[in-house]
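Chemist: Here the protein sequences line up with chains D and E, keeping their order.
The first sequence begins at 68 in our numbering and counts up by one.
The second sequence begins at 68 in our numbering and counts up by one.
If you're looking for bench data, these hints aren't it; they were derived computationally from the structure.
Some hints here could point you the wrong way.
For identical chains, the list gives no copy identity; a pair is met inside one copy or between any two copies.
Restricting the straight-line Cα-Cα distance to at most 20 Å, the calculated cross-link-like pairs of lysine to aspartate or glutamate (EDC-like) are [unchecked claim]: (1) Lys328 x Asp239; (2) Lys168 x Asp189; (3) Lys106 x Glu223; (4) Lys160 x Glu131; (5) Lys85 x Glu107; (6) Lys160 x Asp189.
Quick caveat: nothing in here was measured; it's all calculated off a predicted structure.
2 protein chains.
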Amino acid sequence: MNFYQLAGAALAARPDRKTIIIDAANFPTDRYILQGYAKERGLNLVIINNEDPALSQHERVTPELLEKYMSEDVAFVTFEVIQYRAGARNDIKALTDIARKYGAFAIWDCSHAIGAIDLQFDKDGVDLAVGCTYKFGFSGPGSPGWLYVSKRVQKELQVPIQGWHAQENMFDMGPTFKKAEGLAGFQIATPSIIALRSVQSSFGIIEEAGITNIEAKCATGTQMMIDLYDAWLADLGFTLNTPREAKWRGGHVSLVHPDGKQIAFALRQLANVIPDYRAPNSVRLAISPLQNSYAEIWDGFSRLKDLVASGDYKKISNTNSKVT
Amino acid sequence: MNFYQLAGAALAARPDRKTIIIDAANFPTDRYILQGYAKERGLNLVIINNEDPALSQHERVTPELLEKYMSEDVAFVTFEVIQYRAGARNDIKALTDIARKYGAFAIWDCSHAIGAIDLQFDKDGVDLAVGCTYKFGFSGPGSPGWLYVSKRVQKELQVPIQGWHAQENMFDMGPTFKKAEGLAGFQIATPSIIALRSVQSSFGIIEEAGITNIEAKCATGTQMMIDLYDAWLADLGFTLNTPREAKWRGGHVSLVHPDGKQIAFALRQLANVIPDYRAPNSVRLAISPLQNSYAEIWDGFSRLKDLVASGDYKKISNTNSKVT
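Just chain D, same shape as in the assembly (with noise of 0.2 Å):
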C-alpha cells in the first residue's frame, strides 16, 4: 500500500522516465506492486540479478552492481535496507547517492530492519521509504505499515490515492482534493486506532531500550547464531547466506541447505523452534532482540544440531502450510 503510493508518486515526478529498477532477491510484494505499474504504463521493469552469488554475495546489491544498470530513463530503484531472506544489509547512502545522480528517487523498504538496526535517513540522504511494524516492531499481526517522504521532496510529489486524510481542512467537505502541506499530505483514511495504540507501545518500549543497544544485542545475537552455525552445522551440510561483518547484517540469518523445507518444519513440529522457511531452500532465524535471551539462541541451535545430526528430521513428510 504505502509502497504503490511512493512508487506511484515517484513516476507522476519523472512522467518521461520509463525505466524503473529492483533486485531479484527483493520481497516478492514490492515486485509484484511494481509488475502492476510495468504493465498499466508500459514501463520497462529492470531486476537486477542478485541472486548468483557469481555476482553478488549474499543477495546484497553493491554500487558497482547498481551502477551498471543507471541511466537518465531510470525514475526510481526500490531496495531493502536488509535483505528478507540472506540477511544482508545493503549500503543505503552509497546507492541513494547513485540514484540521485541520476535524477533518480531511492525507495527503501525498511521490513526488516526498522526495530533491529540504527536507521539514520537524515545522514544517508533518504528521500522516500516504507517499513511495516510487525516484525522487529513487534506491534502484533497486521499491524500498520508507515512511510516516510523527506521534507526535501514533500511539496514535488503527489501519492496517486487522493485519501480523505490527505485532504487540506479534511472536514470542510470541500469539492476540490487539494493536498494538505507536509507529511499529511501522504495519508489516505484513519488507521486502526486500536492498532496504532499497539504501534505506539511497541515502539515507546524501543525507545526506551534505545535503538543502538538494540542494534548491538542483534550484532552479538546472529554472530552467535555464526559461530554455533561454523561450531555445529556447516558439517551437517549448511551453508550460512549471511555476511559475516556485523555491520552488514541486521537480526537474522539464512542457512541454506538441500534439505532446508523439511528442516524448517521439523523445527517447528518436533523441536518446538520457530523458524521461517524460504523458498528455494533457506532456513531464516532471527533473534527477536527485546525478548529472545542468548540462552535461547544456543538451545534453539542445539535442537537444530540434533535434529539434522540424528536425521531425525526426516520423519516430517508434510511440508504443506499456507504460512511458512
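Mind docking chain E on chain D? Use the hints.
Modeler: Here is chain E on its own, set in the frame of chain D:
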C-alpha cells in the same frame, strides 16, 4: 483504498471508455479518488448535480436523473447507498440496472448503510461495493474497510494494487504476480488482526440481533426524529432534508438550519448531545440502533429544541474543530 481498488479495476476492464460518473452529494473522499484517476488518465469525470432541490429531492440520485448522463463511454458510475449528509436511500437495483444496460459498472459505497439497513446485493444485482465498519458497524475508530466483488465479475477484474495477499500460493514467493482465484485476488496485505477481531465481535452482535430488526429500529427511530422535528423544530427555523418515507432512509436524518454549524457545536458543548455538523449547514443526527433507546432520542431532541428556542446556542462562538 478499497474504493480506489475497485474504481481502478473497473477502468482496466473498460479501457476504451473515458467517462466516469459520481454525484455532487457523494462523500468527498470518493470524489477525490476519482479526481486523481481523471487527472492521471485524462478521463471525463461527470458530477451529477443532486444538491439542487429543483433537480433532486434530498440528494437522491433517481433513475431519471442518471439516465440523462449515461452513454456507451461510461466505464462506471458510483453512488452511496445512503447519502452521507441527507440520509436519503438510493434505489440500488434501478441504478445498477441502468449502468449495466450501458455496459458500465456500478460501484456502491455502503459506508452509511452497512449495519443500519438490510443490504441485498444478490437481489439488487450488485457487482461492486465498498464500505466501512466503524459507523453502524460500531467496530471502533479506523476499523477496517471492506470491498465486495460478485462472483460474476471476479475473473474479469484486476485491481491496480497487486498485493501479496492477492497472489496465488503467496508463500511460494514466486517471481511473478498471478492473481489468486475468487475474492482472495482482491486483497492487498495482512489486515490488522486486532482490528479484525473487533469487526468480528461487532458483526457477530449485528448478526445475533438480526439486520431486519436493526433496520426496523432505524426506521422507528428516524420516524420519531421526524415527528419531533414536526412538533418542535419546524417552527424554529429548521428544515428536514431527509425523506419521510422510511424505505428511502437509513439510520440518520439531516436537519438544515441557517445557524447549523453553531447549533451543532452548541449541542456538544452545552447539551451533551453529540451530532455531526456537515457543511454547509446540516446538523446530522443518527440512531445507533443497538445502543440507543427511544427515550434517548426524545431527550436529545428535547435538548436541541431548548437550545434553539432559548437562543442559548448563540453563546458558542468557537466553532473551530478539526473533527466535526
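Chemist: All hints are to be evaluated individually against the structure, with a verdict given for each.
Modeler: Going down the list of hints, with the structure as the test:
Proximity of Lys328 and Asp239 under a CA criterion of 20 Å is satisfied inter-copy only: 11 Å between copies versus 55 Å inside one chain copy. Taking identical chains as interchangeable, the C-alpha atoms of Lys168 and Asp189 lie at most 20 Å apart only when both belong to the same chain, with a minimum of 17 Å there against 56 Å between chains. With identical chains, the CA atoms of Lys106 and Glu223 are at most 20 Å apart between copies only, with a shortest distance of 16 Å across copies and 25 Å within one. In the homo-oligomer, the alpha carbons of Lys160 and Glu131 lie at most 20 Å apart inside one protomer (13 Å), although the nearest pairing across protomers, at 60 Å, exceeds that limit.
Both within a single protomer and between protomers do Lys85 and Glu107 lie at most 20 Å apart by alpha-carbon distance, with minima of 12 Å and 16 Å respectively. When the C-alpha separation of Lys160 and Asp189 is checked against a cutoff of 20 Å, the pair qualifies only within one copy, where the shortest distance is 10 Å, while the shortest distance between copies is 55 Å.
When the structure is compared with the earlier hints, no violation turns up for any of them.
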